[in-house]
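J.: So the chains spell out like this:
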Amino acid sequence: MRLLEYFRSSRRNTAAVAKERLQIVIAHERSEGSGRGYIQRLLPKLEQEILQVIRKYFQIEENQVTLQVEREGDYEVLELNVTLPD
Amino acid sequence: MATIIVVTSGKGGVGKTTTSAAFAMGLALRGHRTAIIDFDVGLRNLDLIMGCERRVVYDFVNVINGEANLNQALIKDKRVDELYILPASQTRNKDALTSEGVNKVLSELFERGFEYIVCDSPAGIEHGAFIALYFADEALIVTNPEVSSVRDSDRILGILASKSRRAENGAEPIKEHLLVTRYDPSRVNSGDMLAMEDITDILGIPILGVIPECPSVLQASNSGVPVILEDSSRAGQAYTDIVGRFLGENLPHRFTTPEKRGFLKRLFR
Numbered sequence: 004m005r006l007l008e009y010f011r012s013s014r015r016n017t018a019a020v021a022k023e024r025l026q027i028v029i030a031h032e033r034s035e036g037s038g039r040g041y042i043q044r045l046l047p048k049l050e051q052e053i054l055q056v057i058r059k060y061f062q063i064e065e066n067q068v069t070l071q072v073e074r075e076g077d078y079e080v081l082e083l084n085v086t087l088p089d
Numbered sequence: 028m029a030t031i032i033v034v035t036s037g038k039g040g041v042g043k044t045t046t047s048a049a050f051a052m053g054l055a056l057r058g059h060r061t062a063i064i065d066f067d068v069g070l071r072n073l074d075l076i077m078g079c080e081r082r083v084v085y086d087f088v089n090v091i092n093g094e095a096n097l098n099q100a101l102i103k104d105k106r107v108d109e110l111y112i113l114p115a116s117q118t119r120n121k122d123a124l125t126s127e128g129v130n131k132v133l134s135e136l137f138e139r140g141f142e143y144i145v146c147d148s149p150a151g152i153e154h155g156a157f158i159a160l161y162f163a164d165e166a167l168i169v170t171n172p173e174v175s176s177v178r179d180s181d182r183i184l185g186i187l188a189s190k191s192r193r194a195e196n197g198a199e200p201i202k203e204h205l206l207v208t209r210y211d212p213s214r215v216n217s218g219d220m221l222a223m224e225d226i227t228d229i230l231g232i233p234i235l236g237v238i239p240e241c242p243s244v245l246q247a248s249n250s251g252v253p254v255i256l257e258d259s260s261r262a263g264q265a266y267t268d269i270v271g272r273f274l275g276e277n278l279p280h281r282f283t284t285p286e287k288r289g290f291l292k293r294l295f296r
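First to last, the sequence lines map onto chains A and B.
Everything in the first sequence is counted per this note's numbering, starting at 4 for the first residue and increasing by one.
Everything in the second sequence is counted per this note's numbering, starting at 28 for the first residue and increasing by one.
The hints are simulated quantities; they were obtained by calculation from the structure and are not laboratory data.
Warning: the hint list may mix true and false statements.
[As the list claims (entries may be wrong)] Pairs of lysine-lysine residues, derived as DSS-like cross-links and limited to a Cα-Cα distance of at most 27 Å, are as follows:
1) B:K38 to A:K22
2) A:K22 to B:K131
3) B:K287 to B:K38
4) B:K131 to B:K103
5) A:K48 to B:K131
6) B:K202 to A:K48
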């Protein structure tokens, strides 16, 4: 059997399919906001990516971008502060 | 101050109890005073995996209800000093675990000088699982390289980050560690199984260790011996590494590449 499989080139990489499906479904479930925790966990990465985008246009330090989530009633508000250089 | 570690997963049958037993035994083997608590009230099994099922007289719920004191319910392991087991009740249901009651038992364990308290969570996201993770300082997330298990682990991560005592008090978040079990590197290589890197990518938490698929896990549970004591087995050695890494040692991952087999064996397996 193994010998046959070796020569069958059309074998699908199901692990790659699994990874892609999981990434989609988990991103969706996280964005549905099953609690504040999900958002908190995404913040550090989001902050880094925003920093990289802003750095394309301005010279800023890491601490000049801050992100935080605040709760207002039923809503969660994502607050982004960017201090631009003079 | 003791460290409370929850072993959790969401999905059932991925190796929570096997991991709890091996991990707690590993900490005790290193000389740390360790208690292991079965939170799976109604479906007690930690006693079987630890091999102390015939020594259970009183249980966790008896202590919470004041029907026995902690001394009467704690079972001292016969193989290693410093390891104690608190079994779950087999006759009640999970609602018997009140938050005040569990808190009281944990504080009493602190007072007795336990360094680590390992909480073996039930599967699911019902009350039993919530109360098992509520007081945790650190979490071992046990995951199989399988879509349903990975997804359920992500749900549990959300709950750890939002419904735990640390989350409610705005304290430093629970420290999360990923543990992948039933890993088969040769299937990973042939593209049939999610790789450990894929799983850390998806879940976004650091990996503490990988347990290879290994016959010794079933053999050890058959005889009530935590698999970490099978020190010639691959799973046993992988758990020993995990305990070492948890305690801050820098150990490379083992058993994550396929075992070398002869050319003929590979063709004709």
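J.: Which constraints among the numbered hints does this structure fail? Numbers only, ascending.
T.: 2, 3, 5
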